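The listed protein sequences correspond, in order, to chains A and B.
Sequential numbering from 577 applies to the first sequence in the working numbering.
Sequential numbering from 65 applies to the second sequence in the working numbering.
It is worth saying that the hints were derived from the structure and are not from the lab.
These numbers come from a predicted model, not from an experiment.
Any given hint might turn out to be false.
[Unchecked claim] For lysine to any residue, the following SDA-like pairs were computed, each having C-alpha atoms within a straight-line distance of at most 25 Å:
hint, chain 1, residue 1, chain 2, residue 2
1, B, Lys409, A, Thr690
2, A, Lys653, B, Pro888
3, B, Lys765, B, Glu676
4, B, Lys463, A, Ile655
5, B, Lys892, A, Pro707
6, B, Lys892, B, Asp786
7, A, Lys603, B, Leu913
Residue-level listing of the chains:
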Amino acid sequence: MKYFYIFLILCGLCISPLLADKSETIKFIPLHVYIDSGSQPLAAYQFELNASDNVKIVGIEGGQHPSFNSPPYYDTKAIMNQRIIIADYSTNQDLPTGKSRIATLHLQVSDTQTPYFETQLTIAGNENGQPIDGIISTERGE
Amino acid sequence: MNHIGLINKTFMGTTVALLYMLILLLTSCSHNPTPPHKRTITKKNSEPIKNTISQEELQKHIQELDNKTRYKLVTQKWSPDFHETKLEEILNQMQSESNINLNALWGSLEFAGILKEELVTLKLNDVSYETTLNTLLQKVSVGKGIMAAYTIHRGIVTIAIDSELPTYATEKDYPPRGEGFGGGGGGPIIEQKDNIEKGLSGNKPRKKKLGDIPITGRNNLSLFGLTKRPSASSSPNDNFLKNILHISADEIWVITRPTSNQLTPLDDNLKCGTILATIPKITEEIPLPLKHTNVNAQVSGYIGSVNVQQQFHNPYNVKIEAKYVFPLPQNAAVNEFIMTIGDRKIRGIIREKEEAEKIYKEAKIQGYTASLLTQQRPNIFTQKVANIEPNKDIDIDIKYFNTLAYNDGWYEFVFPMVVGPRYNPPNSTNGIGAVSQDQQAGSGQTTEVAYLKPNQRSGHDISLTLNIDAGVKIEASKCHSHVIEKEVISDKQILVKLSPNDTIPNKDFIFRYKVAGDKLKPSIITHNNDTGNYFTMMLYPPENLSSLKRAPVEMIFVLDCSGSMNGFPLQKSKEAITRALKKLQPQDTFQVIRFSSDTSQLGNKPVIATKENIDHALEFVNNLHGSGGTHMIEGIKAALDFEHDASRMRIVTFMTDGYIGNEVEILGEIHKRLGEAKIFSFGIGDSVNRYLLDRMAKLGKGAVAYIGLNENAIDTVDLFYDRISHPALTNINIDWGNLKVTDVYPRQVPDLFVGRPVILTGRINGKIDETIKISGNVGPLDHEILLDVDLNNNSHKAVSSIWARKKIEDLSNQATYDKNNTLPEEIKNVALSHGLMSNYTAFIAVDSLTKTAGTQGITVNVPVPVPSGVNYETTVNN
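So here's chain A without its partners, still in its complex pose:
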């Protein structure tokens, strides 16, 4: 009987790694977000990150330029519906032009499905509060 129990324990030890292998793998990845405002100074922006259900935002960091290096704000209500809406503005004189990293999103991604995310610039504005054309892009950080 004693050997039978030992056998069961050994079986358990062998099987548990197999079970563990089947559980989801979770990764944390940074996603840098850039806006290219061309020759126009960027004073305000709002963008939305559309992501698959297995992507969760776990932190928001500011950007590269001093005018946007504080962490931007997010829409708390939207996040309840799996929407990530980020916005910020700056009243500084010195504003970024051209392509500038305006935020880094810290994401948790599980491998339950192929992760997907896409950013969409809702609006960008200059120092006079007028809308400007901007191109948003992302880059996975290391």
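Please build the complex by placing chain B on the supplied structure of chain A, with the hints as guidance.
For chain B alone, coordinates are given in the frame of chain A:
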């Protein structure tokens, strides 16, 4: 292959862990064996900080001061000539003439029958102040069966009943024990509270008894000096007696708050820099990971916006997780959380609590720096910071809004600094455990606070800046809890800073300021955002209620006699009950109930307030002692289950520090059994559980009063009687006119007593100018109040957060008695949509850019000092 790989990983992990523990043990064993009180630490700038003062130096300094005072007392002479003069006046004049600081503990003296107003005739020629004091104390003690005495500590002469003089003194100075001074009679004083119990030359300290509540003598500027402590004749509270209206910025009706515990500059000496804690299972004492807390508060009108920065630092040579349980005001709407690593700032995300905890756990295991803020009670929070690498700093910024209380023209800003040790009933697991820092994880509770021993001091200090823009002229301001530096920016603005000499976070910071005018004008503050339009409004009781007399009362006194109340807190409670019993009128009835681990009471039903019954009750109260647990439920049952006499207003007064962990159960029980009773809770102590006491009063449609350990409980009881001595405006109905008002909190407007303001918070739409009509009954009469409001006025972005916080509070209160399963979901949704902390939400922040080496580090709990005035022996691990 996979199996082998995993098994190998497991084996390697175990080996690494064992090696790591061995290294840690060896490292810790090689630490400086210098005794704790001599140890130095290294701060961020790598400058070694010396433990600020040695015990010998401190003792010498105190002794010199005491000797100087004693010298003045003995050598200076005068010729007192008083005829039928009040005792307090004599002492005042004596202080004024001699320039010696006198501090009478009136609570103690009056409890023994030595009253401030006692008339004394004293005529002496060319005598020392010592002789005068001895003669005076002898005179007032005669025939009372007690002996008033005095002692000198830190240059201050403290006067009290012989048996109740503060225990920091080795011996009393009067009654006399010897000749002269500086010899056997006037020996050095031992500072018992602040970790200086041993090693002093000369006299041995008096052995601390179990249950001794040492006091620090911090009220030494109180009664006789320029900074006169509020008394029955001069306090701001007294102004309230003259005024008809009393306004508070919250719907909790507060009768009094602590006003004493003022520190003296001498406490500078106790700003020790030594940090002593122990990593679990490691015997060597080492510094703590929480280095500093910086509080930056802005007040605009009656809304506070506070940023709390906790600065964590890993002083060890291994990676750690820091865990810190801390308090915030119970009405704090926490809506922002930022983690700073070096120059990088990461905004935390509000998420469902369980989800946030899972994310944090995963990030911790994978080696990412992460932080998690959870709420255990509306006023107790836990901060966890994972994977802090050796010698690295991580700051956490938490921001909250809250409304300030308003009391008779005085606004009050409170910042709590330490969680008091709670008692948890047997078999409970969801409480707040109180353990010593070397016996962690031993309470069996889900949340645990580790406390430093009385002879230990955390290097964690605090700085605080308070910027007040009152909007109207500030006429006066004061801080009795701490030493502060104050700068007047303009007649409406002041800047307050906590003095660098008073940075030990072991009691509530309380700052009050008085604004111009006797009354505030009713006003609405509004805010619009994408979630809606919100308002807050103060509601006042009608003036003419003050002229009407009260109906007979059925008074039930419930006294907490548990271990944490032992000593001065219980003494304060006795003073309060004694006064209250003596103020009962013949048409009133009363009963007295005590509870600790069990319950007992004076009789089985309320009795008429005859002199004989009152004397019997006084004897019962006088014989009570503090020990055992805090089974408040039994006290509540006993108090609320009496058959109600409909001809009398039932008032139940609880006198407690509220140090219990099962608040929800208590509140649920009150709701279930309340009936017609009104509950008045008296918080006794310097760092009481305000959340519980406020909620008890609120649920019980009564009021709360806070009595500090150096407070005069008699004044508070007098105010309490004044408050209940007038009828209330009841059955209140509000006609909002053309305004569309919804989701107003509190849902039911409570009765308006004289002096009781109420804050209403709700959602609003409609015309910008409107008149609101408030109607109600005063006894058999109808009464109506008209309020003009201007919705364009006072837009404040905090209003929506404050409304959401009120809604969460309301739903949480409902959840204490309503088993509706949708309530948690409703609370969670409100919290998430407004980005607020709650029982069901938490802030999480993960830095995914950098992964630290190895797996998760050791968890280090941050131990805290027991609150000022609380007895470590009878509370921690008890």
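> Hint by hint, which ones does this structure get wrong, listed from lowest number up?
Replying inline: Numbers 1, 3, 5, 6, in rising order.
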